[in-house]
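Number of protein chains: 4
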Amino acid sequence: MPETNEDLYAVADFCLVPIGTGEPSVAEYVAECARVLEKTGLTHKMAHCGFEEGPWSAVMKAIHDCHAAVHAKGAPRIATDIRIGTRVDKELQPGTGNAHKVKRVEEILARDAKA
Amino acid sequence: MPETNEDLYAVADFCLVPIGTGEPSVAEYVAECARVLEKTGLTHKMAHCGFEEGPWSAVMKAIHDCHAAVHAKGAPRIATDIRIGTRVDKELQPGTGNAHKVKRVEEILARDAKA
Amino acid sequence: MPETNEDLYAVADFCLVPIGTGEPSVAEYVAECARVLEKTGLTHKMAHCGFEEGPWSAVMKAIHDCHAAVHAKGAPRIATDIRIGTRVDKELQPGTGNAHKVKRVEEILARDAKA
Amino acid sequence: MPETNEDLYAVADFCLVPIGTGEPSVAEYVAECARVLEKTGLTHKMAHCGFEEGPWSAVMKAIHDCHAAVHAKGAPRIATDIRIGTRVDKELQPGTGNAHKVKRVEEILARDAKA
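Chains as they are written, first to last, in full-length UniProt numbering: chain W, 1 to 115; chain E, 1 to 115; chain C, 1 to 115; chain Y, 1 to 115.
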């Protein structure tokens with residue numbers, strides 16, 4: 001069994017869906033999440049879904065606080081899908097996980113263009 | 001802004017995928033997660049994906065510990081998809097969230113059968 | 001490039017969330033999906049989320065038809081999360097994909113119990 | 001029951017994870033998906049996950065073809081998570097669904113900045 005008290009570094013994206021709001025628009029709720037993430041200090045981006053990275057527990061606390069904020073804004077129920085990744089084969093520079101993944105793919109595609 | 005220190009009660013299911021293991025089978029890793037969940041005290045079930053419910057932070061800590069255990073078992077990288085729901089319109093009896101959802105649907109379908 | 005006209009065999013589970021319905025309960029909509037799946041001929045199970053397997057295009061057509069049915073039932077907007085897997089290392093007996101995954105994990109855990 | 005032969009317009013993002021590849025890097029496989037999407041004619045973007053929109057069946061066929069291409073590249077097994085949305089409350093201009101969602105959130109946040 002591993003020592004699990006140590007927080008894994010996690011790269012996550014999540015999509016939060018308010019239920020029972022009586023209106024199909026979700027933009028106000030997503031904006032509320034952007035305000036919550038802004039206060040976390042985590043590397044993040046919130047567009048229609050949110051991206052963030054940092055210690056697992058901080059990442060999950062931030063999504064919890066988005067739920068709390070969206071409930072407070074009037075949504076009686078929320079369903080969220082979270083994709084979260086961890087790796088132990090390399091040390092990620094804090095805040096570079098999502099950017100790194102995108103960059104690697106772009107480099108490979110740039111090779112295509114040249115070939 | 002809501003008081004976010006209070007832990008929302010959450011109902012979750014998650015699907016953990018080990019990456020870079022050199023073998024397509026994931027059963028050993030899923031079994032490892034079942035062992036981790038077994039120790040949590042949360043209402044849970046682990047088949048090919050896992051279901052669990054409880055306070056948000058405990059639910060997320062359990063999935064974190066699954067990652068730690070699967071890394072320790074040799075997977076260099078892990079991608080997990082988590083679906084998590086919270087609601088403030090009714091009090092869920094602890095441990096009944098997933099069962100309740102299934103039961104409501106079965107009742108509706110049972111009415112169909114009679115009609 | 002592979003020959004992609006051939007339909008991969010797929011094992012899927014999906015969770016459909018109606019948006020803008022004005023009520024937090026989703027059970028009626030999930031029941032509607034159960035009725036749709038029942039007509040597909042695919043191996044399936046619908047509880048709070050749905051499981052199904054079969055040729056990729058049939059699996060996806062079934063989820064599409066769930067969306068159409070749930071829109072027809074009054075939901076103006078729907079967000080669905082689908083987890084879908086394919087493998088080419090072994091031939092799956094049609095209809096056994098989900099059951100097989102669960103069985104392998106149970107066998108491993110049963111060994112634990114004996115050890 | 002709705003007429004389900006008509007293809008709903010869908011906005012999707014998906015994250016594809018190759019299993020059993022023996023290496024933690026997934027960038028080559030993601031790049032392969034970018035090549036597949038490039039040929040579809042759908043509005044799309046592939047970074048570490050992929051975004052695309054269009055008729056439901058075309059969107060799902062594109063993801064199927066990504067699976068086929070990634071299997072052909074050597075991955076024996078693949079697990080993909082797809083988030084897909086449809087709405088019937090408004091007509092989306094083809095190709096604008098994802099952009100529209102982002103724009104609405106940005107407008108709301110811009111109001112915050114001014115206030």
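Treat the hints as calculated values from the structure; they're not laboratory data. Please note that a few of the clues may not be correct.
Any copy will do: because identical chains look the same in the list, a pair fits if it lies in one copy or spans two.
As the list claims (entries may be wrong) - The calculated lysine-lysine pairs, modelled on BS3-like cross-linking and capped at a C-alpha distance of 30 Å, are:
id: 1; residue 1: 73; residue 2: 101
id: 2; residue 1: 114; residue 2: 73
id: 3; residue 1: 90; residue 2: 61
id: 4; residue 1: 73; residue 2: 90
id: 5; residue 1: 103; residue 2: 90
Quantities reported herein were computed from a predicted structural model and do not represent experimental measurements.
We went through each hint and held it up to the structure:
no.	hint	verdict
1	73 / 101	between (34 Å within a copy, 19 Å between copies)
2	114 / 73	between (50 Å within a copy, 21 Å between copies)
3	90 / 61	both (25 Å within a copy, 22 Å between copies)
4	73 / 90	between (40 Å within a copy, 16 Å between copies)
5	103 / 90	within (16 Å within a copy, 34 Å between copies)
Of the numbered hints given earlier, the model fails none.
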